[in-house]
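S.K.: Residue numbers (the numbering used here), protein chains in the order written: chain A, 27 to 244; chain B, 132 to 614.
Where hints are given, some of them may not hold.
[Unchecked claim] Listed below are the simulated SDA-like cross-link pairs for lysine to any residue, each with C-alpha atoms no more than 25 Å apart in a straight line:
(1) B/Lys221 / A/Thr70
(2) A/Lys222 / B/Ser451
(3) B/Lys306 / B/Ala584
(4) B/Lys306 / B/Asp164
(5) B/Lys182 / B/His487
(6) A/Lys222 / B/Ser449
(7) A/Lys237 / B/Glu455
(8) B/Lys562 / B/Leu547
(9) B/Lys375 / A/Asp83
(10) A/Lys222 / B/Glu482
(11) B/Lys375 / A/Gly69
(12) B/Lys374 / A/Lys102
(13) A/Lys132 / B/Arg409
(14) A/Lys231 / B/His487
(15) A/Lys222 / B/Lys306
(16) B/Lys493 / B/Ala503
(17) B/Lys221 / A/Gly69
(18) B/Lys452 / A/Phe218
(19) B/Lys375 / A/Lys102
(20) A/Lys102 / B/Ser514
(21) A/Lys102 / B/Ala584
(22) B/Lys375 / A/Thr70
(23) B/Lys216 / A/Glu115
(24) B/Lys375 / A/Phe218
(25) B/Lys562 / B/Ser514
(26) B/Lys452 / A/Lys102
(27) A/Lys222 / B/Glu439
[Stated by the list, open to error] Going by beta-carbon spacing under 7 Å, a handful of chain B positions derived as facing chain A:
(28) Pro213
(29) Gln218
(30) Asp322
(31) Thr326
(32) Glu439
(33) Val442
(34) Ser449
(35) Pro507
(36) Pro509
[What the hints assert, rightly or not] Here are some chain B residues pointing at chain A (derived, C-beta under 7 Å):
(37) Ala214
(38) Ser451
(39) Ala512
Simulated from the structure, these hints should not be mistaken for lab results.
No residue lacks a Cβ here, since even glycine has one placed at the ideal position from N, Cα and C.
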Amino acid sequence: MQQNNLHRLHDICHLTDSTYILRIERNNLEFQPGQHILLGIAGTYEQREYSIYSGTDDTYLEVLVKEVEDGIVSKKLKRMKPGEMLNIEGPVGFFTLSQEVLEQKKKLLFVATGTGIAPFHSMIKSIPDLNYSLIHGTRYGHESYGQSDYDPERYICCSSRDKTGDYQGRVSAYLKEQQFDADTYCYFCGNFNMIKDAMGIMEQKGISQEKLHTEVYF
Amino acid sequence: MKYNIVQLGCQMNISDGERVQQVLDKMGFTPTDSEEEASLLGVIACSVRQKAIDKVYTKINKWNKWRQKKSLITFVSGCVLPADKEQFLKTFDMVFPMSELPDLPQMISQYGVVTQAGMRPLDKGLEEIESQKEKSDPQMEGLQLTATVPSIGNPQNSLLKSDSSIEDFWHIKPKYGSGFEAFIPIQNGCDKFCTYCAVPYTRGREVSRPSSEILTELKQLVADGFKSITLLGQNVNSYGLDKKGDELSFAGLLDSIGAYGNSIDQDFWLYFTSPHPRDMTRDVIEVIAKYDCLAKQIHLPVQSGDDEVLVRMNRKHSMSKYREIVTDIRELIPQATVFTDIIVGFTGETEAQFEHTIDIMKEFKYNMAYIAQYSPRPGAASSRWADDIPKEVKKERYHRLTGELMKHSLEYNKKLIGQTYKVLVRGKDRKSGYLSALTEGRLIIRFASTDEALIGQYVYVKIDSATAFSMEGQMVEHAYAMN
Numbered sequence: 027m028q029q030n031n032l033h034r035l036h037d038i039c040h041l042t043d044s045t046y047i048l049r050i051e052r053n054n055l056e057f058q059p060g061q062h063i064l065l066g067i068a069g070t071y072e073q074r075e076y077s078i079y080s081g082t083d084d085t086y087l088e089v090l091v092k093e094v095e096d097g098i099v100s101k102k103l104k105r106m107k108p109g110e111m112l113n114i115e116g117p118v119g120f121f122t123l124s125q126e127v128l129e130q131k132k133k134l135l136f137v138a139t140g141t142g143i144a145p146f147h148s149m150i151k152s153i154p155d156l157n158y159s160l161i162h163g164t165r166y167g168h169e170s171y172g173q174s175d176y177d178p179e180r181y182i183c184c185s186s187r188d189k190t191g192d193y194q195g196r197v198s199a200y201l202k203e204q205q206f207d208a209d210t211y212c213y214f215c216g217n218f219n220m221i222k223d224a225m226g227i228m229e230q231k232g233i234s235q236e237k238l239h240t241e242v243y244f
Numbered sequence: 132m133k134y135n136i137v138q139l140g141c142q143m144n145i146s147d148g149e150r151v152q153q154v155l156d157k158m159g160f161t162p163t164d165s166e167e168e169a170s171l172l173g174v175i176a177c178s179v180r181q182k183a184i185d186k187v188y189t190k191i192n193k194w195n196k197w198r199q200k201k202s203l204i205t206f207v208s209g210c211v212l213p214a215d216k217e218q219f220l221k222t223f224d225m226v227f228p229m230s231e232l233p234d235l236p237q238m239i240s241q242y243g244v245v246t247q248a249g250m251r252p253l254d255k256g257l258e259e260i261e262s263q264k265e266k267s268d269p270q271m272e273g274l275q276l277t278a279t280v281p282s283i284g285n286p287q288n289s290l291l292k293s294d295s296s297i298e299d300f301w302h303i304k305p306k307y308g309s310g311f312e313a314f315i316p317i318q319n320g321c322d323k324f325c326t327y328c329a330v331p332y333t334r335g336r337e338v339s340r341p342s343s344e345i346l347t348e349l350k351q352l353v354a355d356g357f358k359s360i361t362l363l364g365q366n367v368n369s370y371g372l373d374k375k376g377d378e379l380s381f382a383g384l385l386d387s388i389g390a391y392g393n394s395i396d397q398d399f400w401l402y403f404t405s406p407h408p409r410d411m412t413r414d415v416i417e418v419i420a421k422y423d424c425l426a427k428q429i430h431l432p433v434q435s436g437d438d439e440v441l442v443r444m445n446r447k448h449s450m451s452k453y454r455e456i457v458t459d460i461r462e463l464i465p466q467a468t469v470f471t472d473i474i475v476g477f478t479g480e481t482e483a484q485f486e487h488t489i490d491i492m493k494e495f496k497y498n499m500a501y502i503a504q505y506s507p508r509p510g511a512a513s514s515r516w517a518d519d520i521p522k523e524v525k526k527e528r529y530h531r532l533t534g535e536l537m538k539h540s541l542e543y544n545k546k547l548i549g550q551t552y553k554v555l556v557r558g559k560d561r562k563s564g565y566l567s568a569l570t571e572g573r574l575i576i577r578f579a580s581t582d583e584a585l586i587g588q589y590v591y592v593k594i595d596s597a598t599a600f601s602m603e604g605q606m607v608e609h610a611y612a613m614n
């Protein structure tokens, strides 16, 4: 049955008005980069799934949260104070890099929208020498969370509502313009419509379905 | 003192209920079909649909009115979402997860009910009860109501700190509801998070039961003459994955069971439900093909034939992956029947997407499909989305898909006419003067007989006629001569 484990909130780092990182005491929680946890405030019953943002060797466990306008949990989490307790279950999930991909140093395409960048942040921080390209779709350039954590040669911010990103327009438009090796392993995380469009584009570009991996944020 | 349990939901809940009954029986309670007669009333709840949870509220409201006239103890367990649990804590005497069932005697004893087994906490589940019971006078009921039952809404028992776990729960020997068919839970919980389903929030993470216990329970059932045994789990074929190499894989478990089946001179059919396509591997199908006792029937939920819908459902498999599995089944076990589950009218499902589900019905020619019209399940992710497919459209899709299913199941069943099949007789048929039976592939066959001694036996039936969902035939001979 469900085991709720209490973890203390260390601090909250606000990245924008609506997006923040919860830094949480880890309590020896082990995970694979790309996995997620179920998280809620201790003493309440509402929980939500959040991808782990931090690396496997980091001292604290981090999740990247976007405050949902009509949401319940994300609003309450934002108001938490350091020292308050959270319930964490997990880690769970299958959005991870396989042994085959890692051992053969496959070419990786990571595509995210918004806070969907979290699992890729964890992968890149945890696994050295990944042969990746990271395409991050945001509305505005300043929403390119954690940009400094990525190799600038491997990171593209596609901003759809201003010109401050590396590319102006949606992720799908960017992908259409690019060429990809058929041997590229593609990972998509974030908004359903982006994932649907991106999968279609990559299939048209000759990438087989078994190389397409998705984690939809609902 | 009598008890009555209202069981709602799936086979897992039925199986859980068998363990609850065992605990109560061992405490000296006696079952009754009448709620009015019972002093202990319980619900094994289901959160699959709001309607099922509404039934729980209806029951407890009725039972609490009876308290003005009589002393009652009430409890609820099973699949309960956290939000409902909060409400139930105010209305039921006891609210506990199934993993805490071994503590039920202790909880009940706090309500002033004295039983030989219920005076102190159980450290080792029902084995403890068993040993105490054996030491006490077997004639003694051991029960008396010594004090007024506390007022409702006392959450004390619901919040008892318990060290019990699902592993302790599995130690309890169930009170099987049948003498020839049984469920064996092998796995509990779900890590898949399909967006339409609340199970990950009610049953928690995937936990596998030790294979040694499963095999012990299975061997006992076979020794007791059980002929149809079903391994149960929310994701039954994810068995062992949580143990990260320290437990058999699902294929390994089936192989052990198959080898046991080969080693004995007794027939049984072993089924499993429900597998998740994501974790369905070719070696599972190879093992099923290898052993006679592993029934040649596979229930493989697809839910939708459209890749986009599958992504929205967060099913974590594509149609190409699913197609590979069915291809493997057809190649390795051509005689296998294939069943599935499908949801029509899922949020945002377009007509074109639904047509893809019609297409797979034609392609895979299922023997049976359990088709549900989508309804939001409280607590599941999709319950936060607009349920935007009108009821009439869902209904129309349901009927079209059922029509397509019937074409193929009828075609399949008609091909069986004239053939003789070994079947397991399950009970009286709705048609007067007939008994109802299942083939190894779980196809329904009825035959003319009023001999109730055949129930629970294998017999051979020659098929005379077929409809889409059942067949009719004549008994040729008893099968026990063959065993």
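S.K.: Would you pick out the hints that fail for this structure and give their numbers low to high?
M.R.: 5, 11, 12, 15, 19, 21, 22, 24, 25, 26, 29, 35, 36
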